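Trainee: Start from the sequences, fold in the hints, and give me the full structure.
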Amino acid sequence: MEVLKIATAGSVDDGKSTLIGRLLYDTKSLTDDKLEAIERTSKQKGYDYLDFSLATDGLVAEREQGITIDVAHIYFSTATKSYIIADTPGHVEYTRNMVTGASTSQAAIILIDARKGVIEQTNRHFFINNLLRVKDVIVAINKMDLVGFSEDAYNDIKADFEELMGKRDYQDQKITFIPVSALKGDNVVNRSQNMDWYKGQTLLEHLEELDLQDIYNVGTPRFPVQYVIRPKTEEFHDFRGFAGKVYGGELSVGDEVVVLPSMTRSKIKAIYFYDTEYQTAPRRSSVTITLEDEVNVSRGDMLVKVGDLPIIDKQLTATVSWMDSNQLTIGGKYVLQHGVNKALAKVDAIEHKIHPDYSGIEENVSSLNMNDIAKVRLKLNKPIFYDRFKEHRTNGSFILIDSRTNHTAGVGFIE
Amino acid sequence: MSTLAEEIKKPKTINSADRPNANALEHEAIYIIREVAAQFEKPVLLFSGGKDSITLVRLAQKAFWPAKIPFPLMHIDTGHNFPETIEFRDKLVEELGVELIVRNVQDSIDQGKVVEETGKYASRNMLQTTTLLDAIEEFKFDACIGGARRDEEKARAKERIFSVRDDFGQWDEKNQRPELFDMLNGQIEMGQNVRVFPISNWTELDVWSYIQKENIEIPSIYFAHKRNTFLRDGLIWSAEDGVVFRAEDEKVEERIVRFRTVGDMSCTAAVESHADTIDKVVSEIRESKISERGARIDDKRSEAAMEKRKQQGYF
Chain A
1 MEVLKIATAG SVDDGKSTLI GRLLYDTKSL TDDKLEAIER TSKQKGYDYL DFSLATDGLV
61 AEREQGITID VAHIYFSTAT KSYIIADTPG HVEYTRNMVT GASTSQAAII LIDARKGVIE
121 QTNRHFFINN LLRVKDVIVA INKMDLVGFS EDAYNDIKAD FEELMGKRDY QDQKITFIPV
181 SALKGDNVVN RSQNMDWYKG QTLLEHLEEL DLQDIYNVGT PRFPVQYVIR PKTEEFHDFR
241 GFAGKVYGGE LSVGDEVVVL PSMTRSKIKA IYFYDTEYQT APRRSSVTIT LEDEVNVSRG
301 DMLVKVGDLP IIDKQLTATV SWMDSNQLTI GGKYVLQHGV NKALAKVDAI EHKIHPDYSG
361 IEENVSSLNM NDIAKVRLKL NKPIFYDRFK EHRTNGSFIL IDSRTNHTAG VGFIE
Chain V
416 MSTLAEEIKK PKTINSADRP NANALEHEAI YIIREVAAQF EKPVLLFSGG KDSITLVRLA
476 QKAFWPAKIP FPLMHIDTGH NFPETIEFRD KLVEELGVEL IVRNVQDSID QGKVVEETGK
536 YASRNMLQTT TLLDAIEEFK FDACIGGARR DEEKARAKER IFSVRDDFGQ WDEKNQRPEL
596 FDMLNGQIEM GQNVRVFPIS NWTELDVWSY IQKENIEIPS IYFAHKRNTF LRDGLIWSAE
656 DGVVFRAEDE KVEERIVRFR TVGDMSCTAA VESHADTIDK VVSEIRESKI SERGARIDDK
716 RSEAAMEKRK QQGYF
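Going down the list, the protein sequences come from chains A and V.
Numbering of the first sequence is given in this note's numbering, commencing with residue 1 and proceeding in unit increments.
Numbering of the second sequence is given in this note's numbering, commencing with residue 416 and proceeding in unit increments.
Rather than coming from a laboratory, the hints here were simulated on the basis of the structure.
As the structure is a computational prediction, the values presented were derived from the model and not from experiment.
Virtual Cβ for every residue (Gly too), placed ideally from N, Cα, C.
No incorrect hints appear here.
Coverage of chain A stretches by chain V, computed from C-beta distances (three or more under 8 Å per stretch; other residues unrestricted): (1) 71-85; (2) 225-232; (3) 274-284; (4) 329-340; (5) 392-402.
Mentor: Written out as structure tokens, the structure reads:
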């Protein structure tokens with residue numbers, strides 16, 4: 001079955017957890033014991049409705065404060081698809097979790113409280129999902145019950161949001177508006193009885209029809225070598241297999257390839273998945289490849305097709321989203337992890353900081369704080385083989401690791 | 416049914432099929448397991464004999480074929496395991512030709528490091544943590560691969576794929592490393608170690624479907640069988656082997672049951688079932704209305720039970 005990963009974004013109290021709880025409840029994905037726990041706790045708290053947020057808010061601190069403070073993963077499935085929802089928190093200080101959630105998702109749900117409309121947070125959520133080039137964005141205008149299910153309220157918010165859409169960089173992003181009430185169940189799974197004026201799909205109907213093919217199927221295969229398999233057994237005495245995952249396109253037996261960085265040419269001899277040989281390794285498959293010639297290949301190297309080279313350079317400019325409590329400063333040194341390859345990076349310049357509400361840029365910046373997003377120039381100690389993020393989501397992104405703490409301190413999207 | 420070992424010895428077949436299956440979860444798990452072998456010096460696969468760790472073993476086999484799995488398996492034995500599980504474990508390891516390390520909770524008790532719980536709900540499940548942490552220190556393991564899944568429990572839903580633990584095995588849930596795209600950051604300091612969860616994104620049904628599709632052998636207690644049992648708090652407990660404390664008024668009855676999870680006997684309840692084949696088990700799970708951990712008494716101790724155990728180093 002196909003798996004669709006979805007990230008959610010919304011501000012505190014926009015009802016994100018309630019929406020997810022409602023999806024689980026109406027798709028009958030909540031098991032009896034979980035439902036029972038929700039009923040019991042809702043009653044204890046004196047609510048006259050079921051508090052579905054209890055289904056997802058997992059940590060003690062979250063239950064105490066009634067907020068979501070980290071990415072939680074929720075699973076459910078229908079007859080057609082398996083869903084993984086990354087429930088990401090909406091407060092300003094947790095932007096990094098939102099970036100994280102969006103990085104592994106094919107679709108995003110942005111929640112808006114119908115009473116509040118488009119607020120600064122909405123801009124930020126949309127900006128991040130656009131920056132990360134999430135293919136499908138669903139704008140769920142929630143709490144419609146609290147604005148009398150008013151079509152005018154919905155249209156006003158939609159118009160405000162469309163204004164933001166004009167400013168987005170990734171114009172091909174598909175955006176869909178759905179008026180919902182997560183608490184009462186309108187247009188989440190079941191069609192609303194209160195909004196005859198809305199003729200579109202419910203949230204689940206829309207998700208069910210989303211095309212899972214991601215847009216980066218551009219026929220540019222990249223094969224970063226994770227691990228070299230040398231069994232050293234009698235039967236497989238000379239076996240040297242290159243284990244890795246295929247990104248961006250597919251590779252087939254007989255393809256002429258170049259090994260980076262050595263630039264050695266060879267041909268794909270065989271493709272294995274476990275003990276079976278295949279003609280073709282599709283995108284996102286974890287296979288083992290052998291080559292016709294004896295070529296020196298190690299972890300961090302990359303196989304690409306002849307005539308289809310990525311950019312090979314020791315310098316790059318990237319939009320960096322900073323995620324660490326220690327600042328990024330000009331001259332700062334980090335370990336840059338690009339896929340499974342590593343290099344040392346030095347911050348050459350911060351060109352400008354980007355306001356993640358589309359309100360503009362700030363120049364003459366000398367450091368970045370957690371949640372800042374900026375255009376940064378980096379110098380590396382050795383060339384890496386990359387594509388622009390716009391053209392290749394995987395091969396166009398990297399993380400920066402602070403070697404003092406080993407924390408993943410930031411993520412970059414290469415220009 | 417073919418065993419894992421027969422599979423690995425089988426000569427490679429040339430498949431006329433064009434391309435491998437499109438099971439995204441399987442490809443993701445293999446990628447993660449390979450990252451462990453590449454990024455760490457002394458990884459270990461934590462093997463309980465349960466279906467999740469058996470699935471992990473199969474995935475590890477796939478990740479490195481035709482080479483052997485390049486790390487040992489380790490079992491933290493509470494001494495209260497179902498005998499069927501231990502039998503199965505030993506057979507599997509022998510067939511695979513991999514190293515098995517066993518460390519016993521009983522030893523930790525004998526050394527006075529932990530105190531055996533007493534009473535009606537006594538379980539050695541909590542005591543495992545000490546034995547595990549000691550073993551990690553003894554062998555200087557820097558990565559422990561485990562079969563935990565995010566769908567099992569709410570606190571687990573927040574767990575990273577590479578989850579860093581400090582010198583005390585503690586999980587700092589508020590300060591977890593973000594995981595972006597496919598990139599896994601395994602850099603750690605001396606003394607720290609990483610818990611790795613390759614099947615994080617699998618659901619219980621995904622695991623069962625995989626076992627079915629791959630025709631993987633699993634311990635017999637997962638299938639319906641006759642067993643002497645008794646009822647407590649609406650759950651069915653095994654009255655065999657004398658491990659689970661039974662009060663005199665708790666009447667022993669023979670029931671046809673199976674286990675959905677194979678933890679320590681003292682905290683693993685059975686479910687009434689006639690599913691005696693993998694196909695029947697898969698259909699049963701598909702229709703099931705009680706989540707897997709509903710049959711694990713250790714989580715019912717309190718709403719925050721799992722989170723608290725994790726902070727202390729529990730898997």
